[in-house]
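*Asks:* Turn these sequences into a full structure, and let the hints steer you where they fit.
Here are the chains, one letter per residue:
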Amino acid sequence: MQSRNDILDWGKNLTLFAASFLGMVAIIHFAFTSVVAPLDLYAENRSEKLTELADNHEKYSVAAVGSSRIHSAFDPRVFDETFNAEQSTKVRSVNLAVAGGSQTEQYAMARHFIEHAAQEGLPEVTIILELSAGLNLQNQHLMHPRAINLYDQAVTRFGLEFSNPDLGLKRYAGRVGYVAAAGALHHLNVGFLSNTVFQHSPVKDEIQQQFTNDRRGFIQNDSTEFKKAIDARFAKSPSSPTVANFPMQPGYNNLVTELSHFASVNGVKANFVYVFAATLSNLEHREDIPASIDTEIGPIPVVDFSDMKELADPKYWNDPGHLSYAGAIVFSRLLAERAAALGSSNR
Amino acid sequence: MLFVEARFFGFFLILFVAYWTLRHNLQRKVLLLAASYFFYACWDWRFAIMLFGMSLCDFFFANAIFRNSSPKTRRSLVICSIVMNMGVLGTFKYFNFFTDSAVTFANAFGFQLSQFTLDVILPVGISFFTFQSLSYTIDVYRGQFKPSKRIIDYLLAAAFFPQLVAGPIVRPTFFLPQLASARLFPRAEIKALLTLFLLGFIKKACLADNLSPYVDQVFADPSSYTAFSTIGAVWLYATQIYCDFSGYTDMAIATAGLLGYRLVINFNAPYLATSIRDFWHRWHISLSEWIRDYIYISLGGRSNVRLITYRNLLLTMLLGGLWHGAAWTFVVWGGLHGLALVIQRDYYRLIGNRFTMPPLLGWFLTINFVCICWIFFRSESFATALHIASLYLFLSPGGSNTLPLWLSLLPLLLLLIQWLSRKGNVMAKITTLPAPRFAVAYGAAWAVTVAFLPLGYRPFIYFQF
Numbered sequence: 271m272q273s274r275n276d277i278l279d280w281g282k283n284l285t286l287f288a289a290s291f292l293g294m295v296a297i298i299h300f301a302f303t304s305v306v307a308p309l310d311l312y313a314e315n316r317s318e319k320l321t322e323l324a325d326n327h328e329k330y331s332v333a334a335v336g337s338s339r340i341h342s343a344f345d346p347r348v349f350d351e352t353f354n355a356e357q358s359t360k361v362r363s364v365n366l367a368v369a370g371g372s373q374t375e376q377y378a379m380a381r382h383f384i385e386h387a388a389q390e391g392l393p394e395v396t397i398i399l400e401l402s403a404g405l406n407l408q409n410q411h412l413m414h415p416r417a418i419n420l421y422d423q424a425v426t427r428f429g430l431e432f433s434n435p436d437l438g439l440k441r442y443a444g445r446v447g448y449v450a451a452a453g454a455l456h457h458l459n460v461g462f463l464s465n466t467v468f469q470h471s472p473v474k475d476e477i478q479q480q481f482t483n484d485r486r487g488f489i490q491n492d493s494t495e496f497k498k499a500i501d502a503r504f505a506k507s508p509s510s511p512t513v514a515n516f517p518m519q520p521g522y523n524n525l526v527t528e529l530s531h532f533a534s535v536n537g538v539k540a541n542f543v544y545v546f547a548a549t550l551s552n553l554e555h556r557e558d559i560p561a562s563i564d565t566e567i568g569p570i571p572v573v574d575f576s577d578m579k580e581l582a583d584p585k586y587w588n589d590p591g592h593l594s595y596a597g598a599i600v601f602s603r604l605l606a607e608r609a610a611a612l613g614s615s616n617r
Numbered sequence: 013m014l015f016v017e018a019r020f021f022g023f024f025l026i027l028f029v030a031y032w033t034l035r036h037n038l039q040r041k042v043l044l045l046a047a048s049y050f051f052y053a054c055w056d057w058r059f060a061i062m063l064f065g066m067s068l069c070d071f072f073f074a075n076a077i078f079r080n081s082s083p084k085t086r087r088s089l090v091i092c093s094i095v096m097n098m099g100v101l102g103t104f105k106y107f108n109f110f111t112d113s114a115v116t117f118a119n120a121f122g123f124q125l126s127q128f129t130l131d132v133i134l135p136v137g138i139s140f141f142t143f144q145s146l147s148y149t150i151d152v153y154r155g156q157f158k159p160s161k162r163i164i165d166y167l168l169a170a171a172f173f174p175q176l177v178a179g180p181i182v183r184p185t186f187f188l189p190q191l192a193s194a195r196l197f198p199r200a201e202i203k204a205l206l207t208l209f210l211l212g213f214i215k216k217a218c219l220a221d222n223l224s225p226y227v228d229q230v231f232a233d234p235s236s237y238t239a240f241s242t243i244g245a246v247w248l249y250a251t252q253i254y255c256d257f258s259g260y261t262d263m264a265i266a267t268a269g270l271l272g273y274r275l276v277i278n279f280n281a282p283y284l285a286t287s288i289r290d291f292w293h294r295w296h297i298s299l300s301e302w303i304r305d306y307i308y309i310s311l312g313g314r315s316n317v318r319l320i321t322y323r324n325l326l327l328t329m330l331l332g333g334l335w336h337g338a339a340w341t342f343v344v345w346g347g348l349h350g351l352a353l354v355i356q357r358d359y360y361r362l363i364g365n366r367f368t369m370p371p372l373l374g375w376f377l378t379i380n381f382v383c384i385c386w387i388f389f390r391s392e393s394f395a396t397a398l399h400i401a402s403l404y405l406f407l408s409p410g411g412s413n414t415l416p417l418w419l420s421l422l423p424l425l426l427l428l429i430q431w432l433s434r435k436g437n438v439m440a441k442i443t444t445l446p447a448p449r450f451a452v453a454y455g456a457a458w459a460v461t462v463a464f465l466p467l468g469y470r471p472f473i474y475f476q477f
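These protein sequence lines are chains A and B, in that order.
Okay, so the first sequence: first residue is 271 according to the working numbering, each after it adds one.
Okay, so the second sequence: first residue is 13 according to the working numbering, each after it adds one.
Hints are computed from structural coordinates only; laboratory data are not their basis.
Check the hints yourself; a few may be wrong.
[As the list claims (entries may be wrong)] Below 30 Å or equal to it, Euclidean Cα-Cα: the simulated BS3-like pairs (lysine-lysine) are:
(1) A:K360 with A:K579
(2) B:K203 with B:K84
(3) A:K497 with A:K440
(4) A:K506 with A:K440
(5) A:K282 with B:K203
(6) B:K441 with A:K282
[Stated by the list, open to error] If you only want the chain A side, here are some residues facing chain B, beta carbon under 8 Å, derived:
(7) L286
(8) A288
(9) N459
(10) S464
(11) N465
Even for Gly, the Cβ is constructed at its ideal location relative to N, Cα and C.
*Replies:* Written out as C-alpha cells, the structure reads:
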C-alpha cells in the first residue's frame, strides 16, 4: 500500500466506486421521481390527511398547518361556525397539522394545500401557520420518512433559513449540517425503493377515524397518567410566568414570502395568520410573542395563546403538550373570533 | 452505535486509516482498545466502566489460577470468576424474571409475596462478553490455555468492538494469539471482506428491518389474520431473525477482517439444514459450541447411561434458551430444541441405517420444526404462542386480514437464492473480479442498497441478549 502505483490504484478504484454509486443513485432517483412513482410527502403513515384532501374534493378555503399542537387544537367545525357568524364571506376550513410537524413540514403541507386550492378553482385561501412549531433537527427525525421525502431543493433551501450565525457556531453548524444531510438523503433516494416495495400503513384506519364527523383532528386519549401530569403542572405553576425574548429567525418571514409567491404562481391569493400554540410549560415560562411579524408582503398578525388567559383550566388539556377536545373548542372559537377581527389579510 | 448507522461509517473510516498508518503492533492495539471502549461507551459510559472492571478481574483471576498449583485455590479462583460473571449477568438480566416467577409460583400455592423489582438498564451485549470471559478463565483452569501476561491484550480481546455487543462469541483463546504480532493488511481478502460487509448490511438493514413491521402486525393480533398469513408471518420472522443476526455477524467478521483479525464463523446457511443436529451445527455456531464445551461437557456430556446423556442435552438446551431472554417462552424454545435433539438421537439409535431420511424430507421437517419453535421465541406470551402454533399446525379457520402473497413467498425465494449462490460459488466469482470492475459493481450495489433502506432504525434483535 506504500508504492506510488498502489496509491494511484486505490485512488482510481475509489473514484470508480464513488462515480458508480452516484450514477446509480441518479438513475434510481430519476426513475422514481419522474417515471415509476412520484415521491409522496410522507413515505408512511402520514399521507392520509393529504389523501383525504385529494379524495373528497372539498373546497377548503382555510387550512391550519403545523404540529400536533394544532392537530389537536384546531376544530374546523367550531372555527367555521364562529367565523361564518361574523363574516359575510363563508369559509370551510381543514386541519392539515401533523403530529411531530416541523417548520419545514408545514411549509410543504401549505404548498400542497395551495396546489389543491388551485385544482379546485379557489381564487383565495387563508393559511393558519404555527409560529410555535419546532424544527425537529434531531437524529431520529433525520431518518424519518417525513424528513427524507420533504427535503427537495425548495424545502432544503427553506430549512437553511432557520439557521444563522447569531445562534452561535455550534447551533448554526448543527442546523446547517442537519438540513444539508436531510437534503442529501432525499436526493440519495434513501428509503424510496424500500417504501415502494414494502408498503404498510398500519394507522390508516386511525387517521380515517379522525376525518369522520368532520372533525379532522385529534382523538382524545383519556389517561390517568396525563391527568396527574396536568394537575401537577397547575399545582406548581407560579402566579406569573417568566418571560423571555422570542428568537426571531429569517425563516418565519421567508415562510410567508415563499408561500405567497408559490400561491401567486398557482393563481391563488393566499392570506396568512400566525398562531402561537400554548403548552402547560407556558404556566411557568413564556416568550414575548410579537403582535405581528414583518414580512416582505406586509405584517402578518400573530394570535398568541401562550399567555394562557383562556386556557388555564385543567379540563382544557389532554396532556401537558396538547389541548383536549374541550380546549380545542375554546381554541378554535377564539382563533376564529380573532381571525375575523383581524380580517386575516395581507397585500 | 449500530453498524448500519452513518456515524459508524465515519468512526470506522477514521479508525481504519489511523490503524493502518501506525507501524507498531502495540500502538495499533492501544488504538483499537480506545476505539472499542469508545464504541461501547456510545451506548452508556457506565457499562464501559463495568466492562473494564470485569475484564481486569478476569485477567487477574486467570493469571492467579495459572500461577497456583493448589487445586483448592485454583478451584476457588475459577468459582470467583464464575460467580462474578454470572452474578453480573443474573442481576442485570434475570433478577426481575426470577423474582416475578417466584412471586407467581408462591401465589399459585396461596402465599402472597410482595413484588420486588430492580429498575436497571440491561447492558448491551452482556450475555456475550460474560460468556467470553468465562471461557477464558475456565480454559485456563482446565489447563487448556496459558493466560496472557499482557493486560492490554486481554482487555482488547474482551472488548474488541466488532464482536463485543452481539457476537460471535469469540473465545480469548482463539483471539489472543492473533494479537501477538502485527497484522498484515488484508490485500488478498479485501474484496471478500467488503462484499461480506455489504451482504450483512443488506440482510440487516434492507431485509430484516423491512420485514419487521409485518411480523409485528401479525404477532400483535394473530386472531385477525388467516392461518396462511400467520404461517407466512412465522416464516417472515424466521427470515427476519436470521437476516438480523447473521447480517450483524457478517458485518462484525468483515470489520474485524479489515483490521487484520479473524473471527469465528457463526452461521452456515442454517435453514438448509436437514436435521435438528445439523441445524445446531449451522445456527449461532459460537454459542452452540460454547454451551457444548462449558455446560454439556461440565454436566458430564455423553454418558454410558443413555438417560443421563439425554438429561445433559435437555438441560443444556434449556439453559441455552434461558440465555436468550429472561422469559419462560425462551426456556420452552430451548426445551423444544433439546427434546428434538434427544428424539433425533433415539431415532438414530433405534432405526439407524434401516431407513435413511431423504434430504428433502429432512429439510422440510427441520425447517417447519424450527419455525414452530420460533413462534415461542417471538411471542410475548404462551397464549399467543399456542394460538399461532395451532394456526400453523392445523390451519384453523378464522381471521380476515392477509399479508401480501409475494411477501409470504419471499422467505422461500431468499432460501433458493442462498442455495443457488452457494452451489454456484458466487462469492468466489465476485472476489475474482478485477479491482476496477469490482469498484464499479460495488458502488452500484451500495446505491441500490441505500435506496432500500427503511426509514427509521430498528435495533438488532440479539442486542437484547
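*Asks:* Work down the list of hints and note, for each, if the structure agrees.
*Replies:* Results of checking the hints against the structure:
1. Proximity of K360 (chain A) to K579 (chain A) is assessed by CA-CA distance (about 28 Å); at most 30 Å being required, the pair is judged to hold.
2. About 51 Å separates the Cα atoms of K203 (chain B) and K84 (chain B), which puts this hinted pair outside 30 Å; it is violated.
3. A threshold of 30 Å between alpha carbons decides the hint, and for K497 (chain A) with K440 (chain A) the separation of about 38 Å lies outside it, so the pair is violated.
4. Between K506 (chain A) and K440 (chain A) the CA atoms are separated by roughly 34 Å; this puts the pair beyond 30 Å, and the hint is violated.
5. For the hint pairing K282 (chain A) with K203 (chain B), the CA-to-CA distance comes to about 15 Å; that is within 30 Å, so the pair holds.
6. Distance restraint check for K441 (chain B) and K282 (chain A): the Cα-Cα separation of roughly 22 Å lies within the 30 Å cut-off, and the hinted pair is therefore satisfied.
7. A least Cβ separation of about 4 Å between L286 (chain A) and chain B falls short of the 8 Å threshold, and the interface hint therefore holds.
8. Given hint, A288 (chain A) at the interface with chain B, holds; its Cβ is 7 Å from that chain's nearest Cβ, closer than 8 Å.
9. A hinted interface residue such as N459 (chain A) counts as satisfied when its beta carbon comes closer than 8 Å to some beta carbon of chain B; here the least separation is about 4 Å, so the hint holds.
10. The restraint placing S464 (chain A) at the interface with chain B holds, with a minimum CB-CB distance near 5 Å, inside the 8 Å limit.
11. The criterion of a C-beta within 8 Å of any C-beta in chain B is met by N465 (chain A), whose closest approach is roughly 7 Å, and the hint holds.
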